[in-house]
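Chains as they are written, first to last, in the UniProt record's numbering: chain A, 1 to 503; chain B, 1 to 503.
Be aware that one or more of the hints could be misleading.
[Stated by the list, open to error] Straight line, CA to CA, 27 Å or less: simulated BS3-like cross-link-like pairs of lysine-lysine: (1) A:Lys425 - B:Lys26; (2) A:Lys26 - B:Lys451; (3) A:Lys77 - A:Lys182; (4) B:Lys464 - B:Lys421; (5) A:Lys182 - A:Lys164; (6) B:Lys476 - A:Lys26; (7) A:Lys274 - B:Lys424; (8) A:Lys424 - B:Lys17; (9) A:Lys280 - B:Lys17; (10) A:Lys424 - B:Lys26; (11) B:Lys476 - B:Lys421; (12) B:Lys428 - A:Lys17; (13) B:Lys428 - A:Lys279; (14) B:Lys77 - A:Lys294; (15) A:Lys476 - B:Lys17; (16) A:Lys17 - B:Lys274; (17) B:Lys26 - A:Lys421.
[As the list claims (entries may be wrong)] Cβ-Cβ distance ranges computed for the label pairs, FRET-style: (18) B:Ser115 - A:Asn202: 55 to 63 Å; (19) A:Ile226 - B:Ala243: 57 to 65 Å; (20) A:Gly299 - B:Gln22: 38 to 46 Å; (21) B:Asp489 - A:Asn202: 42 to 50 Å; (22) A:Glu378 - B:Glu195: 24 to 32 Å; (23) B:Thr249 - A:Asn202: 53 to 61 Å.
What the hints contain is simulated information worked out from the structure, not anything from laboratory work. Glycine included, C-beta positions come from ideal geometry on N, C-alpha and C.
Number of protein chains: 2
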Amino acid sequence: MFDAAELGQRVSQREFKEREVQLRTKLLTLQYRTHELARFPVLIDFAGVEGAGKATTINMLNMWMDPRFIRTIGYQKPTRAEMARPRFWRYWRDMPPKGGIGLFLSGRYSRPLLSRVYGDIDEPEFDNRLSEIIRFENALVDDGALILKFWMHLGRTQQEERLKELEADPLRSYQVSEEDWKNHEHYDDFVAAAEHLITRTNRSAASWHIVEGGNENYRHLRVGEIIAAELSRHLEVQERKAAEDRPPTRVASPDMPKVDTVFDALDLSLSVPKSDYKKKVPAVQARLGELGRKAQAEGQSTVLVFEGPDAGGKGGAIRRTVWSLDARTYRVFQFAAPTDEERAHHYLWRFWRHLPRAGSVSVFDRSWYGRVLVERAEGFATEDEWRRAYNEINDFERQIVDHGILLLKFWMHIDKDEQLKRFKKREKSPYKHWKLTDEDWRNRELWEAYKQYGQDIIQYTSTKKAPWILVEANNKPYARLKVLQTVIDHLQEKLDGPAGRPA
Amino acid sequence: MFDAAELGQRVSQREFKEREVQLRTKLLTLQYRTHELARFPVLIDFAGVEGAGKATTINMLNMWMDPRFIRTIGYQKPTRAEMARPRFWRYWRDMPPKGGIGLFLSGRYSRPLLSRVYGDIDEPEFDNRLSEIIRFENALVDDGALILKFWMHLGRTQQEERLKELEADPLRSYQVSEEDWKNHEHYDDFVAAAEHLITRTNRSAASWHIVEGGNENYRHLRVGEIIAAELSRHLEVQERKAAEDRPPTRVASPDMPKVDTVFDALDLSLSVPKSDYKKKVPAVQARLGELGRKAQAEGQSTVLVFEGPDAGGKGGAIRRTVWSLDARTYRVFQFAAPTDEERAHHYLWRFWRHLPRAGSVSVFDRSWYGRVLVERAEGFATEDEWRRAYNEINDFERQIVDHGILLLKFWMHIDKDEQLKRFKKREKSPYKHWKLTDEDWRNRELWEAYKQYGQDIIQYTSTKKAPWILVEANNKPYARLKVLQTVIDHLQEKLDGPAGRPA
Numbered sequence: 001m002f003d004a005a006e007l008g009q010r011v012s013q014r015e016f017k018e019r020e021v022q023l024r025t026k027l028l029t030l031q032y033r034t035h036e037l038a039r040f041p042v043l044i045d046f047a048g049v050e051g052a053g054k055a056t057t058i059n060m061l062n063m064w065m066d067p068r069f070i071r072t073i074g075y076q077k078p079t080r081a082e083m084a085r086p087r088f089w090r091y092w093r094d095m096p097p098k099g100g101i102g103l104f105l106s107g108r109y110s111r112p113l114l115s116r117v118y119g120d121i122d123e124p125e126f127d128n129r130l131s132e133i134i135r136f137e138n139a140l141v142d143d144g145a146l147i148l149k150f151w152m153h154l155g156r157t158q159q160e161e162r163l164k165e166l167e168a169d170p171l172r173s174y175q176v177s178e179e180d181w182k183n184h185e186h187y188d189d190f191v192a193a194a195e196h197l198i199t200r201t202n203r204s205a206a207s208w209h210i211v212e213g214g215n216e217n218y219r220h221l222r223v224g225e226i227i228a229a230e231l232s233r234h235l236e237v238q239e240r241k242a243a244e245d246r247p248p249t250r251v252a253s254p255d256m257p258k259v260d261t262v263f264d265a266l267d268l269s270l271s272v273p274k275s276d277y278k279k280k281v282p283a284v285q286a287r288l289g290e291l292g293r294k295a296q297a298e299g300q301s302t303v304l305v306f307e308g309p310d311a312g313g314k315g316g317a318i319r320r321t322v323w324s325l326d327a328r329t330y331r332v333f334q335f336a337a338p339t340d341e342e343r344a345h346h347y348l349w350r351f352w353r354h355l356p357r358a359g360s361v362s363v364f365d366r367s368w369y370g371r372v373l374v375e376r377a378e379g380f381a382t383e384d385e386w387r388r389a390y391n392e393i394n395d396f397e398r399q400i401v402d403h404g405i406l407l408l409k410f411w412m413h414i415d416k417d418e419q420l421k422r423f424k425k426r427e428k429s430p431y432k433h434w435k436l437t438d439e440d441w442r443n444r445e446l447w448e449a450y451k452q453y454g455q456d457i458i459q460y461t462s463t464k465k466a467p468w469i470l471v472e473a474n475n476k477p478y479a480r481l482k483v484l485q486t487v488i489d490h491l492q493e494k495l496d497g498p499a500g501r502p503a
Numbered sequence: 001m002f003d004a005a006e007l008g009q010r011v012s013q014r015e016f017k018e019r020e021v022q023l024r025t026k027l028l029t030l031q032y033r034t035h036e037l038a039r040f041p042v043l044i045d046f047a048g049v050e051g052a053g054k055a056t057t058i059n060m061l062n063m064w065m066d067p068r069f070i071r072t073i074g075y076q077k078p079t080r081a082e083m084a085r086p087r088f089w090r091y092w093r094d095m096p097p098k099g100g101i102g103l104f105l106s107g108r109y110s111r112p113l114l115s116r117v118y119g120d121i122d123e124p125e126f127d128n129r130l131s132e133i134i135r136f137e138n139a140l141v142d143d144g145a146l147i148l149k150f151w152m153h154l155g156r157t158q159q160e161e162r163l164k165e166l167e168a169d170p171l172r173s174y175q176v177s178e179e180d181w182k183n184h185e186h187y188d189d190f191v192a193a194a195e196h197l198i199t200r201t202n203r204s205a206a207s208w209h210i211v212e213g214g215n216e217n218y219r220h221l222r223v224g225e226i227i228a229a230e231l232s233r234h235l236e237v238q239e240r241k242a243a244e245d246r247p248p249t250r251v252a253s254p255d256m257p258k259v260d261t262v263f264d265a266l267d268l269s270l271s272v273p274k275s276d277y278k279k280k281v282p283a284v285q286a287r288l289g290e291l292g293r294k295a296q297a298e299g300q301s302t303v304l305v306f307e308g309p310d311a312g313g314k315g316g317a318i319r320r321t322v323w324s325l326d327a328r329t330y331r332v333f334q335f336a337a338p339t340d341e342e343r344a345h346h347y348l349w350r351f352w353r354h355l356p357r358a359g360s361v362s363v364f365d366r367s368w369y370g371r372v373l374v375e376r377a378e379g380f381a382t383e384d385e386w387r388r389a390y391n392e393i394n395d396f397e398r399q400i401v402d403h404g405i406l407l408l409k410f411w412m413h414i415d416k417d418e419q420l421k422r423f424k425k426r427e428k429s430p431y432k433h434w435k436l437t438d439e440d441w442r443n444r445e446l447w448e449a450y451k452q453y454g455q456d457i458i459q460y461t462s463t464k465k466a467p468w469i470l471v472e473a474n475n476k477p478y479a480r481l482k483v484l485q486t487v488i489d490h491l492q493e494k495l496d497g498p499a500g501r502p503a
C-alpha cells in the first residue's frame with residue numbers, strides 16, 4: 001500500500017514557487033466560496049508516521065489560506081472534562097461550523113492505532129474502534145460535510161534519516177522525542193496496522209490520501225492540490241444542491257387516518273390519590289437526594305430525556321425530580337429554535353455540548369427527538385434527514401450508555417381530552433398562561449400525526465441499551481411518582497449493582 | 001450590622017404554605033416576563049456564614065421558578081483552564097444570558113473574604129480585590145443587569161448549634177466539613193471582614209441583603225420576597241426603557257470637519273525595499289518561531305489586537321506573524337456581526353470567551369474596539385454606552401496585562417489614497433475581491449469620522465499597561481516587519497526579562 005509513497009518524490013524550489021502561486025489563489029478562492037455558501041464544514045485530518053512533516057504542512061495551509069476561517073487542533077491525552085464524556089465528545093466540540101475548516105492532528109485515529117501497535121487492544125477491538133469512527137464520519141458526511149484524511153508516509157530508512165537529521169538541527173531537535181524513537185522500532189507493526197486502518201475507513205467523501213513526506217516542497221504542494229481538487233468537486237455538488245433548496249413546507253396533516261399505536265395500549269386511568277402522593281413523596285425525594293449525593297461523589301453522571309405531547313407534565317415531573325438534588329449538580333435544558341451558532345452545526349451538536357460533567361445530571365426537556373418530531377412535521381428536515389436520524393440517535397445514545405452514563409428516556413403521555421383540559425386551565429392561570437402559545441394550539445391540530453411519529457420513535461429507538469419509559473400521565477401524582485421511582489431504581493442499580501441494596 | 005439578623009425570626013409551617021403560594025406565582029410571572037423581555041440578565045449571589053442554609057434556599061428557588069431559565073453554579077478552586085485566564089474569566093463565562101437567571105454560590109466574594117480572614121492578604125489588598133469586583137459589577141449594571149447579593153447570617157452560638165445539629169443528622173452530616181469548624185473558630189474575624197466587604201460593595205442595582213438564616217421557612221420566604229420585589233422594580237424600569245427603544249440610526253457623517261489627529265503625525269512614507277524585506281524576513285520569522293516555542297513551553301500567553309482602516313494590511317500582517325508559530329498554539333478571530341448567543345450578553349463577553357489558554361496566542365482581527373468604532377458610527381451603541389466603553393475596555397485590558405498575558409495592540413494606518421488604490425486592486429484580484437464588500441465602500445465615506453474615533457481611542461485607551469502601537473502601513477514590507485519586530489521584542493522581554501538576551 002505504501003510502496004508508491006517511497007519513490008523519493010521531489011519538487012525543486014523554482015517549481016514550488018510557480019505552482020504555489022496558482023495553488024494559493026485556488027485554495028483561497030475555494031475557501032471563500034465555502035465560507036460564503038456556509039453549507040458544510042471541512043474536516044481535514046493528518047495522520048502518518050513520525051517525522052513525515054504533518055505539523056509543517058498544517059502551518060503552510062494556514063499560511064496559504066485565510067486563518068480566520070480555519071481552526072487547527074492537536075489532541076493530547078484526554079483532560080478530565082473530556083474523560084467525563086463519551087470518547088467522541090471532544091471531536092464534536094471542536095467541529096468547525098458550516099463554511100469553516102478544521103485541521104486536526106493526532107485526532108480520532110491516533111489512539112486506536114497506537115493502542116493496536118502496542119498490543120493494548122486486539123484486532124476485533126481495533127475494528128470496533130474503527131467502526132465507531134466510521135459511524136461518526138458517516139453522520140457528518142450524510143449531513144454534507146467534506147472529510148479529507150492524509151496519511152503522511154516515510155519509508156523505514158527515510159524515517160530513521162529524518163529523525164537523525166532533526167536531532168542534529170539545534171532549532172528543531174525539540175521535535176524528536178524518545179517516544180518517536182520507540183515508535184520507530186515498531187515501524188513494521190505501525191505500517192501494518194495503518195494499512196488495516198486505511199482499508200477499513202476509506203470511503204468517498206471521507207477518503208484517505210497517502211502522501212510521501214520526505215520532501216517538504218512536494219508534500220506541501222501535494223496536500224494543497226488534493227484539498228483544492230476535492231474541495232472544488234464538493235463545492236460544485238453543494239452549490240448545485242443549494243440552488244435546489246426549497247423553503248420548508250409543513251408535512252404533517254390534521255386529517256391523517258387514525259392507526260393504533262403503542263400509546264393506545266396505555267392505561268391512562270392509572271392514578272394515585274393526592275393524599276397518598278403527599279404521604280409518599282417526601283421519602284421518595286429523600287431517597288433520591290441520597291442517591292444524588294452518592295452519584296456526585298462517585299462521578300456517576302445521568303442524562304434524563306423528557307418527550308411527549310404538550311402539557312403532558314414534563315415540566316412538573318422535571319421540577320419534582322431535580323428538587324431533591326443539589327442545584328449545582330444538575331442543569332435543565334429546553335430546546336426551542338436553535339441559535340445561529342447551533343444552526344451552523346450538525347443537529348446533534350447542540351446536544352453533545354450539554355452532556356453532563358462527571359457526577360452531574362443533564363435534564364433535556366425536549367431533545368434530539370425534535371429531529372423526528374417537529375422537524376419532520378414542519379418539513380425542516382427532509383425525508384432523508386429524518387429517516388436516517390433514528391440510526392444517528394441510536395448511535396448517539398449507545399455512546400452515552402457505553403460510557404457508563406445513566407440514560408433514561410421518559411415519554412409522558414396524555415390523551416387529547418386531558419390536553420384540552422390542561423390548555424384551558426393554563427389560559428386562566430395567573431402564571432401558567434405564559435406556558436401556552438399559539439404554537440401549542442397549532443400542534444394540537446396535528447395530534448394524530450405526532451402520535452404516529454411517536455410510534456415510529458418508540459419502534460426505532462427503544463433499544464435494549466436505551467429503552468423508552470412510557471409514563472401514563474393523565475394523573476399527575478401517578479406520573480410524577482413513576483418518574484421519581486424509575487430514576488431511583490436505575491440510579492440505585494447503577495451505584496449499588498443489580499443486587500445492591502440501599503446502604 | 002448583623003444584630004438585626006440575630007432576632008430568631010421564624011415562620012410557622014402554616015404561614016409558610018400560605019405565603020409560598022402567592023410568592024411562587026409572583027416569582028414565576030416575573031421570571032417569564034424577564035425571559036420574554038430578554039433585555040437583562042439577573043445575577044443572584046449567595047454568601048454568608050457556614051450553616052446558614054445557602055444551598056437549600058438555592059434549591060428552593062429552583063423549585064419555585066422555572067429551572068430551564070436558571071443556571072446554578074458553585075465555584076471551587078480554579079481549574080487549570082481557569083488559572084490560565086484572568087480571575088474574572090470564569091464569572092464572565094458563566095454569565096446568564098439576557099432574560100436568564102444565574103444563582104451563584106461561593107462566587108467572586110468567597111476567595112477575597114477567606115483570604116482576608118486567614119490573613120493571606122492585608123487590608124489594602126482586600127480593598128483592591130473588592131474594587132475589582134465593583135468594576136465588574138458596574139460594567140454589568142451599566143449594561144442593564146440586575147445583581148442581587150444575599151448575606152445569609154447566623155449568630156456565633158446559632159452557628160455552633162446549627163453545625164452540631166447537622167452533624168447529628170445522618171442524612172445531612174456530610175454537609176459539615178472540618179473546614180466549617182475551622183471557620184467557626186474564626187467567626188469574629190469572619191464577621192468583621194464581612195462587614196467591611198458589604199459596606200464597600202453595596203450599591204443600588206447591586207445591593208446586599210442580609211438575611212437571618214436560622215429558620216428555613218423564614219429564610220426561603222425572605223430571600224424569595226426580596227427577589228420578587230427587586231426584580232419587579234427592575235423589570236418596570238427596563239420595560240419602560242424597551243418601549244422607548246428606537247432603531248439605530250447612523251451617527252457618523254461624511255461631512256465632518258477635518259481635525260488634526262495623531263494619525264496625521266505619522267510618517268506614512270516610511271518604507272523598506274522589497275528585496276531588503278525578503279532578505280530580513282526569514283531570520284525574523286525564525287526568531288519568532290523560537291520565542292513562540294519557548295512561550296508555549298513556559299505557559300506565556302499572548303493577545304494581539306489589530307485595528308485600523310479597511311485594507312490597512314491587518315490580514316497580511318497577521319498571516320506573516322502567525323506563520324512561524326505552531327498552528328495548534330494560535331487562533332485568529334475575526335469579529336463581524338455578533339451571533340445571537342453573543343448578542344444575548346454584554347458586548348465584552350464574546351472577547352472574554354476567546355482569551356488564550358496557557359502558552360497560546362489569540363489574534364483579534366478587529367476587536368472590542370468595535371464598540372467605539374462601528375457601533376458608535378452606526379448608532380448600535382448609544383452615546384452613554386460608547387462613552388463608558390473606554391473605561392470598560394481599559395479595565396478589561398488591565399486584567400489581561402495584570403494576569404501576565406502579553407497584550408499588544410496594533411493600529412495599522414494608511415492614508416485615504418492608499419486605501420483607494422488597494423480597494424481597486426482588490427476588485428481586480430482573482431481572490432481578493434472576496435475581501436471587498438459594499439460595506440467597505442460605505443465605511444470609506446466615513447473616513448474622517450473613523451479617523452476621529454480612532455483619535456479618541458488612542459487618547460483614552462493608550463495606557464501605560466496597554467499602549468497602542470501605531471504602524472505606518474502604506475508600505476506593506478515596512479508595516480509587516482514593524483509588527484513582527486514588535487512582537488519579538490515584547491515577547492523576548494516577557495520571557496527573558498528586560499535585560500535578557502536570546503539564548
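Now the hints, each set against the structure:
1. A:Lys425 - B:Lys26: holds (18 Å)
2. A:Lys26 - B:Lys451: Outside the cut-off at roughly 35 Å; violated.
3. A:Lys77 - A:Lys182: This hinted pair holds, its Cα atoms lying about 18 Å apart.
4. B:Lys464 - B:Lys421: violated (35 Å)
5. A:Lys182 - A:Lys164: holds (14 Å)
6. B:Lys476 - A:Lys26: Given that 27 Å is the threshold and the Cα spacing comes to 23 Å, the pair holds.
7. A:Lys274 - B:Lys424: The hint is violated at about 78 Å.
8. A:Lys424 - B:Lys17: holds (26 Å)
9. A:Lys280 - B:Lys17: The given pair, whose Cα atoms are some 19 Å apart, holds under the 27 Å limit.
10. A:Lys424 - B:Lys26: holds (21 Å)
11. B:Lys476 - B:Lys421: holds (13 Å)
12. B:Lys428 - A:Lys17: holds (22 Å)
13. B:Lys428 - A:Lys279: Given that 27 Å is the threshold and the Cα spacing comes to 80 Å, the pair is violated.
14. B:Lys77 - A:Lys294: holds (21 Å)
15. A:Lys476 - B:Lys17: holds (21 Å)
16. A:Lys17 - B:Lys274: Within the cut-off at roughly 17 Å; holds.
17. B:Lys26 - A:Lys421: Answer holds: Lys26 (chain B) to Lys421 (chain A) is near 24 Å, not above 27 Å.
18. B:Ser115 - A:Asn202: 55 to 63 Å: Given about 58 Å between the Cβ atoms, the range holds.
19. A:Ile226 - B:Ala243: 57 to 65 Å: About 58 Å separates the Cβ atoms of Ile226 (chain A) and Ala243 (chain B), which means 57 to 65 Å holds.
20. A:Gly299 - B:Gln22: 38 to 46 Å: Check passed, 41 Å falls within 38 to 46 Å.
21. B:Asp489 - A:Asn202: 42 to 50 Å: Check passed, 49 Å falls within 42 to 50 Å.
22. A:Glu378 - B:Glu195: 24 to 32 Å: violated (58 Å)
23. B:Thr249 - A:Asn202: 53 to 61 Å: Between Thr249 (chain B) and Asn202 (chain A), where Cβ atoms are some 57 Å apart, the hint holds.
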